[in-house]
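Since the structure of chain H is provided, determine the placement of chain C on it from the hints.
There are 2 protein chains.
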Amino acid sequence: MYKCYKVYMETALISRGQVAELLTLDICIDAVESAFRLLGEGKVARPETLGVHVADGGFHVKAGAAALDREWFAAKINANFPRNPDRFGLPTIQGLVCLFDAENGEPLALLDSTELTALRTAAATGVAAKHLARPDSTTATVVGCGRQGKAQLRALGRVLQLGRAFALDADPARAEGYANDMASELAIEVTPVEDLPFALSETDVLVTCTPSRTPFVRRKDVRPGTFIAAVGADDEGKHEIEEALMAASVVVVDLLPQAALIGDLHHAIARGHMRVEDVRAELGAVVAGRAPGRTSLEEITIFDSTGIALQDLVAAVAVYERALGRAARFNFAG
Amino acid sequence: MYKCYKVYMETALISRGQVAELLTLDICIDAVESAFRLLGEGKVARPETLGVHVADGGFHVKAGAAALDREWFAAKINANFPRNPDRFGLPTIQGLVCLFDAENGEPLALLDSTELTALRTAAATGVAAKHLARPDSTTATVVGCGRQGKAQLRALGRVLQLGRAFALDADPARAEGYANDMASELAIEVTPVEDLPFALSETDVLVTCTPSRTPFVRRKDVRPGTFIAAVGADDEGKHEIEEALMAASVVVVDLLPQAALIGDLHHAIARGHMRVEDVRAELGAVVAGRAPGRTSLEEITIFDSTGIALQDLVAAVAVYERALGRAARFNFAG
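Protein chains in written order, with my numbering: chain H, 588 to 921; chain C, 588 to 921.
Isolated chain H, as found in the complex (with noise of 0.2 angstroms):
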């Protein structure tokens, strides 16, 4: 039998910096678009996901496939410990994505994830406003003022024609320096406030990335046409969108499954305010055409933002293909 051996590869190793680098926002929002849409057309395997807890925080893995301009497999490995911070100056998220080839199994390429899932969450926001916030959105509003909540406020201004933003944290001053920043970053105007009804009564578009675990959006206060990205709940306690709202509103999601089992979705299921068929569509299935996006200029639109692998998958993928050449090496089959 012929048999052809190759040579082995080695495994490009790309930090936090060098995602930060290479992954624009407009790259990282295109990637995860086409995701969603191959994941609408039914193209790709759904996307798996394990959990485990430990006595300060927890891991979790994000895993899935795609036929891009090769076959790709990628599994992302996240430790979420929320106390790293303060008690050791370490980032809350940190972890891991392991790229590989799906046609032979080879590690291709391991990347920082902290950065990266910052982005292609952010990105995510941005790809569901292009479709369900009115396009005449011109003020958002940001609830929690930390890195994600910078770079959702950026993906938003790829998408929309931004005019102004408020900037709510629990931390009063963290909203200070969030709006400073980001008002020179973005060029316009950013304020921070205390009070979510009055900055809701002016707002288009609402980013929730808090890990608040009680709702703090409630329907009374957000007006017609709003568009919510519901970004923070991502596991079962965590909670931001209050069920009421959930049920007056059209609700995408990025993976049903999932976000009924972690998403704000799980907590109006659970309450009986929703059903699982109450559900507009998934993303994939409205960047895909197969489903509607936001229908009518006064209809609330929520999309319900767990995460899922194909955004990593694609995320790193293109950090990858930017850094040949560049990154560091490591032969783990040496």
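I should point out that these hints are in silico values taken from the structure, not numbers from a laboratory.
A quick note: this is a predicted structure, and the numbers were derived from the prediction, not measured.
For each residue, glycine too, the CB sits at the ideal point set by N, CA and C.
Be aware that a few hints might be false.
Part of the chain H face toward chain C, derived, beta carbon under 10 angstroms [as the list claims (entries may be wrong)]:
(1) G651
(2) R674
(3) A689
(4) D822
Just chain C, lined up with the frame of chain H:
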């Protein structure tokens, strides 16, 4: 608030050759036995797994956490591409073990998984043989003369006083090469044979480590008192041990839900020969002294081995601690 800013650790990178050099079978058997003991004592979380199928193979992730000298988390990502050796000259199994600090989520080490998987699998057989084989066992038979078959016989040699062995393979030339290699390495008589019933008539300990999808070990051929390590079946399609033989034997598994899903146990249950309750115990309970192992010289004992994350974790920790100061390093947080 006082903040303790931790210096970012660099992640250790450990190649296949270093794993082979640093992880001896004795170290690995000790580590794997203590992992099963912790599991049997209920001192570790039950490990988790996920799988993604692709056209030519698939990927599995096995993840678990354990408190040893410190808190650890490990996720092993293994690619399984059965046609790799013929198509690309690559191993069937490739992958990485990602070892994390489970107090703050930092990635401590990345290890090639090929050799580690072979050794931790063989080590589990060694641990099982200590508890389930007759102590006077001297004759082993190994079916499946690949890399794993070699590690298996080596592991048996560490825990039993072997005097001779039989070697079988679908490819007789491979069995012959195996017999030559292992005879000189272990200084015992190793005979390549093609007649399994003949070999079994003189066998105390049988290891099956093949990719077979049809059972080939039959009840009528196995003599009383035999210990069988059923290692090959690790997905729902693989099958080595006849259902009637499973039902007639004392069955011990590594992880009950997993063996019931993908081990030889799965087939015995699916075809009505066994119920989950017929399994004597998980190996961990036997090691911890909470369930009996072999209770007579006459019974046939079977260890249904499907492979669990804790084996990978303890093996990776053993390598990592020995590699400190010698391994290459990369700063993913940089």
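Comparing the hints with the structure gives:
no. : hint : in the structure
1   : G651 : holds (6 angstroms)
2   : R674 : holds (7 angstroms)
3   : A689 : holds (5 angstroms)
4   : D822 : violated (15 angstroms)
Taken one by one, the earlier hints fail for this structure only at number 4.
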